[in-house]
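Visitor: Sequences listed follow chains A and B, in order. Residue numbers for the first sequence follow the numbering used here, so the first one is 5 and each next one is one higher. Residue numbers for the second sequence follow the numbering used here, so the first one is -6 and each next one is one higher.
Do not rely on the hints blindly, as some may be mistaken.
Okay, the calculated bits of chain B under chain A, using three or more residues with CB under 8 Å as the criterion [unchecked claim]: (1) 174 to 184; (2) 204 to 215.
Away from chain A, derived, C-beta distances all over 10 Å, residues of chain B [said to hold, decoys possible]: (3) 75; (4) 99; (5) 102; (6) 116; (7) 137; (8) 150; (9) 196; (10) 247; (11) 253; (12) 265.
I should point out that these hints are in silico values taken from the structure, not numbers from a laboratory. Remember, it's a predicted structure, so these values are computed and weren't measured experimentally. Glycine included, each C-beta is placed from N, C-alpha and C at the ideal position.
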Amino acid sequence: MERIPILQMGRSLLVTIQVDLQDQTALALQDDLADRIANTGANGVLIDISALEIVDSFIGRMLAGISGITRVLDATTVVVGMQPAVAITLVELGLSLEGVRTALNVERGMAMLRTAFEEDDVDAAS
Amino acid sequence: MKQNNPIHELLVARQDEVLQEWLAEMATSGKVGTAAHAEAAQLLAAFQAGVRDGDIARFDQPAWERTRDILADLSRSRAAQGASAGDTSHFVMALKKPLFTGLQQRLAAEPARLFDAIWEVSTLIDKMAQWTATTYQRSREDVIARQQEELLELSTPVVKLWDGVLAVPMIGTLDSHRTQMVMESLLQRIVDTGSELAIIDITGVPTVDTLVAQHLLKTVTAIRLMGADCIISGVRPQIAQTIVHLGIDLQGIVTKATLADALSVAMKRVGYVVTRKA
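Looking at chain B on its own, in the form it has when it is part of the complex (with noise of 0.2 Å):
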């Protein structure tokens, strides 16, 4: 306990006073949202909480857990809105200014005092501040990786195109950590299906360098020793190319232009004919 704290003692007997002059001064330089008042003095409670329990040097002790929570929870939130990070560090730093104002005051016959008090209130805040910035960066990043794992996902289907055959086109740039799931996925459907035939489409996919040859090679090797064999389809003549300029070899395994070719060896392979009425 710092009874002797003057923020504190500025905090508890102008509470209220500085609340609106908080508001006023975020009003000065923007929209202030509906919400900002209760915002305001909720964050200015815990605000005060932590002045009095806490050390005011210390934002990362636990008496300042509330105060981060808030913080955290007003920039995930406003993240969402689709305000930007300044919109929300603005809102934070709004405080100084009332603070600033009220320890001068309070503190007008003892400079020495008054500098410390200041400096430690300016420090604190700008903490706070730095806080929101990094939470709302971490919650935009959250939300990359969820639309990145979703695109994943949806970018790697296998399909059942017949009786014994399955086929994955591919589409976007295959690394190595999407080669690995669409190869985890096809043997699995491999393994369930049955399935002896296994068509990669690679029309989607924008270029074809030595390491994109070296995941495709391997998920055919995979494919080879389940027992299944393995058609490549949708070699553009871009990417014929770049495949006999790089010298890679592709080590027997059949390729087709497009998967309307790749269907039909399929299909003679599996054993099926296919006639056209007349």
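Bound conformation, chain A alone (with noise of 0.2 Å):
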């Protein structure tokens, strides 16, 4: 089974969804990416799914699922590059991904993260 690659840059991963993905390598991608964050203490995730064309409610369950593990282990999720077309159907599958990031593109979503670091630092430091 293909498993998606998982990159890490600096304090985030760096995951990019290159293939049309299949309910098993989902549910693999989610068991890396916890145990990556874990064994890392990454405090950021950016997941590029710009190439992905097709979507279920399976797969969009599974974004959202994505975002809360990783909010449990204190790192942010920011999902990047969302086509329309699986943007409205998401929507029309009634799936809004509430308490998900999102950004247009990868630079725009790394900006992101940094905010995201620098008011955690914020935090932490007073």
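Two chains, each in its own frame: build the complex with the hints.
Guide: Now the structure itself:
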């Protein structure tokens, strides 16, 4: 079974999904990501889904699930590059991904994570 | 081949007389266009071929295809000229009288055959007239559908207000079809331009009910999923009241009274400062 690679960049983990997600692959990604966050102590996760053209309710729930898991592990998740068709599908499925941060592209997503880190640092310092 | 068909015999023997009488009959009750003679001759020829080759009781047969095509063209061109469906079917119905007269002369000695022949012709011509009415209606419906589509495209432009700020001035009632179109074009423009903010202006939306609000919420949710944000502007006082009375929850969406207010918020968020020269 293919696995989605997880790259580390500083305090963040970068996941780019380049293939159409199978349910098993998605579940494996969820496991791997949780392990990596716990091992590396990363504070941010960026998931790039710009190549993802088809979603179903399972993948939608999985995205929300990953976001919830990372939050428990004290990391912020940003989902970037969602295609219009994917967004419309998720809305029609009734999945608004409450609590998941989104950005237009990787660059803006990274900027969002940096801001989140700074806020965390300020909070921690005070 | 029906060699002994009295209608066909009549048409072969006295085609010109039938045509002249037909035109005269048309002239008695209304104006006859200049093209009427050519149209009538063409139609009569096709009609004769149909009677010769086809079953007179089955207008849907392939033998009548040419007649049907001519009638459809006639109906369409008349619809384009602004004639009513009644005018076109009257044109066809006027053929009854010369045919009846002709049949009566030929079959005066045989009342039973005369009755059958007249009945057949009458039914056939009724069907032809019906066919013109159907075609007329269909061509009008095509026109209406095209206009609706054009209206839909006209009323949903996505405009770039500023660097990173898009706006959609919505005009007319928001139904699910239109919302879908707005959503698709807006989301595509967000991807193309990399804009972070979209303003949906509902000044031109006459009423907001729960369904319209639901459509708006869907659009806003989709925009947020893409990683952009949305401001709704142009909320008129009556609409604000309706929204509250209906108990619609706009889920933390920023709403502004005018497009100018929305733009000023958008500029601030994108990081621009607007100052006025003293």
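Visitor: So, for every hint listed, does it hold in this structure?
Guide: Results for each hint:
1. Check on the region 174 to 184 of chain B: 6 of its residues sit with their Cβ under 8 Å from a Cβ of chain A, so the three-residue criterion for coverage holds.
2. Under a criterion of three residues with beta carbons nearer than 8 Å to beta carbons of chain A, the stated coverage of the region 204 to 215 of chain B is upheld, 3 such residues being counted.
3. No beta-carbon of chain A comes within 10 Å of the beta-carbon of residue 75 of chain B; the shortest separation is about 42 Å.
4. The claim that residue 99 of chain B is not at the interface with chain A holds, since no C-beta of that chain comes within 10 Å of its own (minimum 69 Å).
5. No beta-carbon of chain A is positioned within 10 Å of the beta-carbon of residue 102 of chain B; the least distance is around 75 Å.
6. The Cβ of residue 116 of chain B sits about 52 Å from the closest Cβ of chain A, beyond the 10 Å cut-off, so the non-interface label holds.
7. The claim that residue 137 of chain B lies off the interface holds: its Cβ sits roughly 28 Å from the closest Cβ of chain A, which is beyond the 10 Å cut-off.
8. The non-interface label for residue 150 of chain B is consistent with chain A: the shortest C-beta to C-beta separation is roughly 17 Å, beyond 10 Å.
9. Chain A leaves residue 196 of chain B outside its interface by the beta-carbon criterion, the shortest separation being 24 Å against a cut-off of 10 Å.
10. For residue 247 of chain B, the shortest C-beta to C-beta distance to chain A comes to about 17 Å, beyond the 10 Å cut-off, and the non-interface label holds.
11. In this structure residue 253 of chain B is separated from chain A by more than 10 Å, as the shortest Cβ-Cβ distance comes to about 25 Å.
12. At roughly 17 Å from the closest C-beta of chain A, the C-beta of residue 265 of chain B stays outside 10 Å, upholding its exclusion from the interface.
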